[in-house]
Each structure stands twice: as structure tokens, then as C-alpha cells.
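Same order as they appear, the protein sequences are chains A and B.
The numbers in the working numbering rise by one with no breaks, and the one at position 223 of the first sequence is 223.
Position in the second sequence (first residue = 1) + 1000 = the working numbering.
Note that these hints are calculated values from the structure, not bench results.
It is possible that some hints are incorrect.
One side only, chain B facing chain A, incomplete, derived with CB under 8 Å [claimed, not checked]: (1) Arg1190; (2) Asp1200; (3) Leu1204; (4) Leu1206; (5) Leu1207; (6) Ser1208; (7) Ile1210; (8) Asn1211; (9) Arg1214; (10) Asp1300; (11) Val1303; (12) Gln1304.
We put the CB at the ideal spot given by N, CA and C, even for glycine.
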Amino acid sequence: MIEVHDLHKHFGGFHAVDGASLSIREGSITGLIGPNGAGKTTLFNVIAGVLPPTSGRVTMAGEDITGLPPHSLFHKGLLRTFQIAHEFASMTCRENLMMVPGGQSGETLWNTWFGRKRIAEEERALRAKADEVLEFLTISHLADHKAGQVSGGQKKLLELGRTMMVDARIVFLDEVGAGVNRTLLNTIGDAILRLNKERGYTFVVIEHDMDFIERLCDPVICMAEGRVLAEGTLAEIKANEQVIEAYLGTGLKNKEQVGA
Amino acid sequence: MEFLNAIVALTNFVLIPATAYGAQLALGALGVTLIYGILRFSNFAHGDTMAFGTMSVVLATWGLQAMGVSLGPLPTALLALPVGILATIGLVLLTDRVVYRFYRAQKAKPVILVIVSIGVMFVLNGVVRFIIGPDDQNFADGGRFLLGAREFRNLTGLDEGLAIRTTQGITLVVAVIAVVLLFWFLNRTRTGKSMRAYSDNEDLALLSGINPERVVMVTWMIVAALAVVAGTLYGLDKSFKPFTYFQLLLPIFASAIVGGLGSPIGAIAGGFVIAYSEVMITYAWKKVLTYVLPETLAPDGLVQLLSTDYKFAVSFMILLIVLLFRPTGLFRGKSV
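Just chain A, with the same shape it has in the complex (with noise of 0.2 Å):
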């Protein structure tokens, strides 16, 4: 669904994203692992359209979507979350879901005087959505507060809400993980394989937390130093000498100290 042709992003010297290709299959959560600095995060920005590439291809089903705009990918269904939550504070969390929809009616000036009865009926619908939308992540006591002010943990859980608003085709999840307590983390993977299921949304999910990544993604794809080191079940990426020099050998050891 997504390929990735010998992408490069340069930061000066510094080669964030050095000849990555890759490629993701229609309807599978694909985990993204590597070690701090191997790319990942650049990848999905370059991807995203958030930071343009210094060279190479993204295409989405065929179609070039190389540096296109954020806001033109997200109408195509390509979305993304961010490592560290953001969310708009001062609105609340149902208006920060209603917010989501591009295009809606009520972004003309014209509509926003003439239009009035138009804007009332999709607001209302957007309005049943959102409250859905927050049922499913369990955190409807939430949609009158201000996003500012919940939790680290329910602001992922926000982000994930917001995918939910709009048919998105393949999402992107940076570390949804992080800093989420257990119980918080199997609330969003439970979320992320119906969506999966139910929905038939792509994921790519960038994780540091081994027990997420087995339980939700197949294939794993680890990247190292700007490319793909090896790809493949996490049974063979673990098998794999590179990747466990790279990377693992530091990944299993924080599994164990999880463990305990």
C-alpha cells in the first residue's frame, strides 16, 4: 500500500534517513524498531509530509505522494501521531475530535453566514461521532474536560480517537507507548486490532515495548543508521545477528527489566 524507494533526508550533514526502502501491506500493523537515532521518527515525518525529502519516492497505491502536504495526505486517509501527545488545550476533547474532519461546510466564509442549517446538521453528526469515538477508548467521562488537561496516557488515547474520525486508510504511530502505564498501553492495543479488524486500517507502529510489538504487529521491519536492517516476523528479526547487534541486545535486556 505504501512504498518507500531509497529515501534519503539529510540534515546538513547529518543523514537522518540514508537510502530507505521499504514497503506496506494493505491491511497489516507493521512495527517499526530500531534504536534512538535510527531514523524512524524522520521516516514517518518525510512520509507524513511533514519534512520534505532530500531524495527518493513515497508512493500510496501506485499514486506519487512524495512532499505533499500534511493536510492533502490526510484527506487521501495517510495519518500520523506524534511521540509526544499533542492535542489542541484549549478546546475540549470532543471538540478537540470534531475538529478532525477536514473540508467540512463550515470552513467557507459563505457557509459560515448563509449556511447556517447545513453546519448545524454535520455539526450534530460530528458531534455523535466524537461521542462514539470516545466510548470506544473508554474515556467518555473525558469529553467535556479541557485536552490541556488530561493525562499523558488519555491524550494517546486522543490521538488515536482522532484517526477514528475520519475513514483513514493507513496510520502512523509513534510511539504510542510511551509513558503509558500497562493497563493504558493493552486499552490501545485492544483499540488499534479492532480498528484493525473491524475497520481495515493499515498501521505502522514505531515501539520500543517488545510485548506491544508481538502482540499486535506482523511483519517487523527494523531500521539502523538511516536504513532497513532486516524485515520479517519478530521471530526471525530477533533471530537475526545484525539486528540483535544493533539493536536488540539493548531491546531484550529492557524487556527482561520489564519483566521483572
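Got chain A; can you put chain B on it based on the hints?
Below, chain B alone, put in the same frame as chain A:
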């Protein structure tokens, strides 16, 4: 009786003029604060945008006057306002297309945009003087006073008169309408919410499918309308002289910063803080004090803290104090 006279004198010479001036500053500061919140730079060309808008209104007013159109007791300029707003919207959208958009695409730092806006300021400055000349232009017509000083004296039997000029009344009414419309727009409409979202978190707004170019365009249109309204009200109240509008930049920025850059409520509060301080510090208190104090204590001098020539020093001082002790302003805007 003495006390009542003191209050009337105070109202007449301080409260009413300061309220009208405050409303004008508030409208100007709203424009500055919106640009800062959404486009993320301090727009130094705002004073000259106001001058350009007012100039368009003045020209349209003259046209209407030549055709014999009049609003009776109200100034004809009110009829010309939409023309000025349209002309200024055209101007700012053109500037945005030709100048700012290029820097936006480069993701230029705010400080670069500030310098760019200074460039735009000089160009506009020249354009306005080229079209209408650097001199004072009077375009106010209609009734002079809502309430005359003599009428008031006859009505109440007090020694002091209280005059309310038509322009002061209009300033307040128009400012209230403009602010109500603006807040309704920002809080109740989808476009307004997109603007707030964009100001809150640009990255997330983009990833929520909000089209940044549209948000920017709508912002410029609103800012242009506010600038023209502010400029025209100021021009009606005082007079129109291009250089004065350039000078207004300081109190306008002071207002926006005192209130908290990026906060619309702050801009309004800031406008009044600056206006009241400026008028009170440059007012000669002799008259009011003579009424209030016992005869032996009555002052000989004018009791004017600062000559009106130095009125801009007041904005400067307030600005300095706010930046030192509360850089985010009264309403916690973005830190400068």
C-alpha cells in the same frame, strides 16, 4: 456640588476620550494579536495597513460627498467603510501572495518575517503618501456632538460641561459590534475554530486536515477589516494623517503585548490599559483637583505628569514593566 463638578470634568476630559481611544487601540491590537497567534510574527506593517484602509475610506467618502450622498447626522465615512475594507482585503491578500507566502513556504523564522513586515511597512507608507499626500485630511461630517457642553450645563445646572462627540459614540458602538462579531466568529464557527486550532498547535492542525492557506487567508481578511475599522474610527475622532498611523504602531503593540500576544481578550484589555494610562498621565489635573481639594491646597501648576508630546513614553514604560515582570501579558498569551 464641587465633587459632582470634579466627576463631570474627569469624565469629560479623561474617561470619555480615553474610552474612545482605548476602543480604537483595542481594534488595532486585535489585528496584531491575530496575526501573531496564527501567522506567528509581529506585523509591523499593521499601522500602515490601517493608514491604507483609512485612506481608501477617505477617498470613498469624498466620492460619496461629491455625489451628494449623506447619512444625515452620522458621518458619511460609515457608508464608505465597506469600500475601504474590500480595498484593504485586496491589498493584504496581494501582499501575502507576493511576499509572505514565499517566506511561509521556506518556514522562515519569525524574526525574518518581522523584518519582512518592516519592509512591507515602508512600501505601504510610501504608497499611502503617494496617493493621498502626507498632510492632514479631514473627512468627518454629520453632527458634531451627541451631547453638547452647553446643553449639559443647562440641563444639570453644573459649572462643568460634558460633551460627547458623535465620533466617540460611533467609535464605541462600532467597536462593540466588531468585537462581538469577532468573538462569535472565533468561538462559534468552524472557520474560527480552525483558526484557533491552527494557533494552538500548527502541526496537529495540519494533520487534522485543516488547510493552512485557507486559515491564513481568512485571518488576513479579518485583520484587514479590523484595521480599516480601527483606522477609520481613529481618523474620524482625530484626523487622518499617514504619519500618525505609523506612530500608532507603538501603543497598538504595547496593547497587544500587555494583554498577552495571541489573546484576543488580552488585546482588548490591553488597549484600554494603555489608553487610560496615556490620557491620565498626560492630563492636566489642576481643574479636577481644584474642585476636590480644599481651597488652601488648590494647586498652582497644571499638575500634568507628562507633556502630551511625550505620550508615547507611557506606552514604552508600560511595555517595559510588563516585559520585565510578566512577559506573557495579563491574559497569558504566547511569551514574546
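Tell me the numbers of any earlier hints that the structure contravenes, in ascending order. Hints 10, 11, 12 not satisfied by this model.
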